[in-house]
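The chain contents come next:
2 protein chains.
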Amino acid sequence: MGVAPTDLANAIRALSMDGVEAANSGHPGMPMGMADVATVLFTKYLKFDPADPKWPDRDRFVLSAGHGSMLIYALLYLTGYEQPTIDDIRQFRQLGSHCAGHPENFELPGVECTTGPLGQGLAMAVGMAIAERHLNAVFDAALVDHRTWVVAGDGCLMEGINHEAVGLAGHLGLGRLNVLWDDNRITIDGAVSLSSSEDIPARYRASGWHVAECDGHDFVDIDRALAEAAADPRPSLVRCRTIIGKGAPNKQGTSKTHGSALGKDEVAAARANLGWHAAPFEIPEDIRKAWLDFGKRGARDHAAWQDRLATHSDRAEFERRIAGDVDLEDAAGWAFSNWDRVPVSVATRKSSEFALEGLTAAMPELVGGSADLTGSNFTKTPVLSNMSAEDYAGRYINYGIREFGMAAAMNGMALHGGVIPFGGTFLVFADYARPAIRLSAIQQARVIYVMTHDSIGVGEDGPTHQPIEHVMSLRMIPNLDVYRPCDAVETAECWALAVAKKDGPSLLALSRQNLQQVRTGGDMLSAKGGYRLRAAIAPRQVVLLATGSEVEIAIAVASALEAQGIGADVVSMPCWSRFEAQDSAYRADVIPLDMLRVSIEAGVTLGWERYTGENGLRIGIDSFGASGPIKALYEHFGLTTDAITPQIVEKLKK
Amino acid sequence: MGVAPTDLANAIRALSMDGVEAANSGHPGMPMGMADVATVLFTKYLKFDPADPKWPDRDRFVLSAGHGSMLIYALLYLTGYEQPTIDDIRQFRQLGSHCAGHPENFELPGVECTTGPLGQGLAMAVGMAIAERHLNAVFDAALVDHRTWVVAGDGCLMEGINHEAVGLAGHLGLGRLNVLWDDNRITIDGAVSLSSSEDIPARYRASGWHVAECDGHDFVDIDRALAEAAADPRPSLVRCRTIIGKGAPNKQGTSKTHGSALGKDEVAAARANLGWHAAPFEIPEDIRKAWLDFGKRGARDHAAWQDRLATHSDRAEFERRIAGDVDLEDAAGWAFSNWDRVPVSVATRKSSEFALEGLTAAMPELVGGSADLTGSNFTKTPVLSNMSAEDYAGRYINYGIREFGMAAAMNGMALHGGVIPFGGTFLVFADYARPAIRLSAIQQARVIYVMTHDSIGVGEDGPTHQPIEHVMSLRMIPNLDVYRPCDAVETAECWALAVAKKDGPSLLALSRQNLQQVRTGGDMLSAKGGYRLRAAIAPRQVVLLATGSEVEIAIAVASALEAQGIGADVVSMPCWSRFEAQDSAYRADVIPLDMLRVSIEAGVTLGWERYTGENGLRIGIDSFGASGPIKALYEHFGLTTDAITPQIVEKLKK
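From first to last, the protein sequence lines stand for chains A and B.
So for the first sequence, numbering that gives the first Met the number 0 puts the first residue at 0; every next one is plus one.
So for the second sequence, numbering that gives the first Met the number 0 puts the first residue at 0; every next one is plus one.
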């Protein structure tokens, strides 16, 4: 090849400058600084085939420093992916462009995950590396044998989640995970030394990582460091000493190149400095061809892999796992398969365990775990053994006290494919994981959150451990199905729905305390999101709306009202997003507008006006909880039949 | 003294066992394991005076492992605090008891902060240590010269926030911060080695900490280690090797002692094992007296300090700072003092800077910062210089890319007193800080969050950076005042209200993009939370409700409606919690029920039904955002006069 690596890298720099300049918005500093490192990675190390971005055994490349999105757009274009086209790149950051401000997995094959919220890309990569090792152990190296490469900046490393991700990766000995740290010593506010004095390599080593270092602008040195990282059996951090905005003669090495266009003059100066004479968005033919040739490098590996798959004894199961289709009826059957063992009065976290027993036995793709609350979340079933560095075939991950890290890792596992992750913690700690839950939803990642202890039913642990605003505020995250089942039947139904959903996350909010079973089975009513659980006997004057542990209270209130001759429907609403997806006739039948509607839920009332109307009653808790036994708390907060019934009677009189 | 330290420590163990046993709920393992270490700390090192729990120059003691709350309750009782009484301890974990499941700062003087959500206590202690060094530099060692001591467990150290807290403390060289790590090698799920392989001391050293080690059950060794920690100029981690549940012969050293009562038999066995023959909740007279004597140890220091204060030249200012009273009218005057420099069309993040310039100049207690977005948040005014290990008098903290750590540190600073912290990040990253924002609210901590880039107005950075559900979901956190001002006048008003509020946090959601000024001043209308900004001219048929950047859209829509002869009020609602605190007559006047009401806000519509009723219109965004220029996004999501007006006209026809 006659093209020098510098020219290959300068193609990335030129496209990055041009894209940002055209948009007059974006982040040229990172792509220009990491262009040399990325060139070595993509031309020599990364296993990929632009002709099939979904090849299951490809290496995963994660741009954790997602603001540097022009780096991945340039690389995908140069190596010959169908998308982005050069026109897509010209439309960088414009509405509707595949080249969004931050890389989005749903916009471009080849973008493995959506990054931008700092720290999470690297933490998702940990999940991808877990999935790889797990599938390698379950199948074999003939089918699964790839690496996960990450480009991360100082921001990714400073965020708290980095500690969780690094700890988990080190503990699990994920040797095929290699993080290329863009060590440019610059943050938005200025020098990294303004806010940090950390010896980062020492910290990584303390968690069992291998650390290599290189001059990020010396191709030979980069090559040596990547080879070292690839060879080491531990996860590797490669410290790449770089100059941010490298090539822009007057701005490089400063935060001025980080987050805005360089400006016409500086772009011209950079072109001169780099010896890059092509017009904007144009790549000289020889360089273009050289890059495309590198893009074809993986085709042979890919073909060999396809040959191995074609004759592999586990081919059907492997393809099933990668496809990820789960039939809802099958899932329901599995979720109910332990039904004869479910007691009448049982916490939904416990009925969740019964459902999970059937599901995990039938679905080897389910990989569970908990953020150190296994015995409280009931997430570990008999078929799940611990995953460890010694046994990646294990299907249960002891995530440790790392809620955010767990959630991000699950995102990575789901995006990798071949596994369906679920993980538990207390619902109140959904706050710790919230940035990753949001990314599950944005990325349409199939992750199942098992959040137990979902209300003041937590009891004595008090307000810091009692969700109040959580259920409602989670309902506000687009694309997230929030389930709050009321008994064992609904719990099994919700599990089946969650498991069968391919294109997004689900979250189950489950009770600590025992709940009465209110249904015996029948149609899968939870699929409607909300349904009439009990019809009024006397002429209907009120509709009671409730979820989870408050459904049995609603039933008792209905009985008390009926005893006074007041007919009351009870509507259970385990999943609002599913209910809203029903047609208006169904919704109007279940929740008629011409009638008093009363919501009962042990959380904030804000939001319930959607269903009660402003003239309805909203029974809930609009302050923080308190420490005390459950019964005392429900009385204190007025969530009892005796406290609620008279309010309804009074309201009806008006 | 004739009482052996073992007996002092066993008093803690006995009370811990008895409290948990009576409640049949709680965590005996940690207090029993750390009883020896705590005994050395409280009898020899901690500077405190039970007669005055609010003595400003006391050492701060933070039980970061808050589940071990019986440790602090026992210590406060034994050293002679007025509360808790022994009856309070008997009522441990009962509704209304001062001895809640987790320690609550609003329940008990002597409990410096509310802990339980793991990792946050230590991170708040960093803030306390910052406040101490800052006030020491601003005043002098005669008035401010104390330490911050923390008891933390493996959970606190494994959480991501620990990385942020440790990084910040190391960078700022907070030598008076000493963390006592309860190294018992046990988590809830079992051995720490199930989930972690980290060399924790090495990690702390990598961030500039000093690490000492001791046998946590050898009083001489503990004493040596604490002395070493106190003497070292760096922040110190003291690794205390302990046995969880130490004293319970059959359960100690296992996770069985962590989170539930030991049981009658094991308590009896522990009493025998410890040689503790007193009845439950009884402390032998000699031990009781010895502990009370230790409790009086600080009185002399306290008296000497009061003498120094009495004659100190800065006494008045110091007392003013500690009292923390800020007059709202004064605050408003300062917030508007740069008024003549405010342009007509300006982003609220920029008008926030103008308000802050006046406030920071007038109020030396304001200590600002940003999580590496200073130039975007506009949080740094000319009077604020950087705080550093070399200059603690600086009033601006470069928090680094540590949103959660910043929020937790601000909680600690606010709880310490003498400073009012404010800190900035992008609103979308409120998710990263959410667990600490919740704790600000629970703890009634005076923290001001400056959250800019508050909608799709973010523009090209796209959905990962565009808040959609954030404003509404923050409104759901009890005790948190969420402000979304619409122009420069409201921004200054909201700043004044936030600064003057003593008993809780405030959050300002501010625009990236320029907004028209819609008011010229006058009464402080934002204090009402919502108010009529424009009255209808034609006969009123509709009331438009909006916040922040959508108020100018509402005004334009009103004009378009008036042009068609449809009278439309415009109501600006910068702060829902303040509006709800108004009387019902005021609320009904501003938002009449007998009229079409339309909300316009660039975020989720769920929640707006509270004010629009179910028959109103809710204009908002119920999906994730997109990457593109601002104008294109507002058009895409239908947030324009042209898109909204016809919907209202149509609705009025029905």
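Honestly, the hints are just simulated from the structure, not real lab data.
One or more of the hints may lead you astray.
[Stated by the list, open to error] One side only, chain A facing chain B, incomplete, derived with CB under 8 Å: (1) Ala99; (2) Thr113; (3) Gly461; (4) Arg609; (5) Asp621.
[Claimed, not checked] Ranges of calculated distance between the beta carbons of each label pair, as one might list FRET restraints: (6) Gln305(A) / Ser259(B): 48 to 56 Å; (7) Lys630(B) / Pro232(A): 51 to 59 Å; (8) Ala580(B) / Glu634(A): 20 to 28 Å; (9) Ser344(A) / Ala388(B): 34 to 42 Å; (10) Pro283(A) / Lys630(B): 57 to 65 Å; (11) Asp214(B) / Gly520(A): 57 to 65 Å; (12) Asp198(A) / Ala140(B): 52 to 60 Å; (13) Lys652(A) / Lys650(B): 31 to 39 Å; (14) Gln515(B) / Asp86(A): 55 to 63 Å; (15) Pro232(A) / Glu212(B): 23 to 31 Å.
[Stated by the list, open to error] Once the Cα atoms are required to be at most 20 Å apart in a straight line, the calculated EDC-like pairs of lysine to aspartate or glutamate come out as: (16) Lys630(B) / Glu561(A); (17) Lys653(A) / Asp593(B); (18) Lys46(B) / Glu227(B).
The beta carbon of each residue, even a glycine, is placed where N, CA and C say it ideally should be.
The hints, checked one at a time:
For Ala99(A), the shortest C-beta to C-beta distance to chain B is roughly 4 Å, which falls under 8 Å, so the interface hint holds. Here the hint on Thr113(A) is kept, as its CB sits about 6 Å from the closest CB of chain B, short of 8 Å. Given the 8 Å rule on beta carbons, the hint for Gly461(A) holds: about 4 Å separates it from the nearest Cβ of chain B. Proximity of Arg609(A) to chain B holds as hinted, the smallest CB-CB distance being about 5 Å (cut-off 8 Å).
Proximity of Asp621(A) to chain B holds as hinted, the smallest CB-CB distance being about 6 Å (cut-off 8 Å). Separation of Gln305(A) from Ser259(B) is about 55 Å and conforms to the stated range, judged on CB atoms against 48 to 56 Å. A hinted range of 51 to 59 Å holds for the C-beta pair Lys630(B) and Pro232(A), which are about 53 Å apart. Range check, Ala580(B) to Glu634(A): Cβ separation about 27 Å, and the 20 to 28 Å hint holds.
Under the hint 34 to 42 Å, the C-beta atoms of Ser344(A) and Ala388(B), about 59 Å apart, miss the expected range. Checking the proposed 57 to 65 Å range against Pro283(A) and Lys630(B) shows it is violated: the Cβ atoms sit about 36 Å from each other. Between Asp214(B) and Gly520(A) the C-beta distance comes to about 59 Å, which sits within the given range of 57 to 65 Å. Distance hint check for Asp198(A) and Ala140(B): the Cβ-Cβ separation is about 31 Å, which falls outside the suggested range of 52 to 60 Å.
For Lys652(A) paired with Lys650(B), a C-beta distance near 32 Å keeps the hint of 31 to 39 Å intact. For Gln515(B) and Asp86(A), the hinted distance range of 55 to 63 Å is not satisfied, since their beta carbons lie about 36 Å from each other. Against the hinted window of 23 to 31 Å, the Cβ-Cβ separation of Pro232(A) and Glu212(B) comes to about 30 Å, which satisfies the hint. Using a Cα cut-off of 20 Å, the hinted pair Lys630(B) and Glu561(A) is violated, with the two alpha carbons roughly 56 Å apart.
With a C-alpha separation of about 17 Å, the suggested pair Lys653(A) and Asp593(B) falls inside the 20 Å cut-off, and the hint holds. Pair hint Lys46(B) plus Glu227(B) holds up; C-alpha atoms about 17 Å apart against a cutoff of 20 Å.
The structure shown violates the earlier hints numbered 9, 10, 12, 14 and 16.
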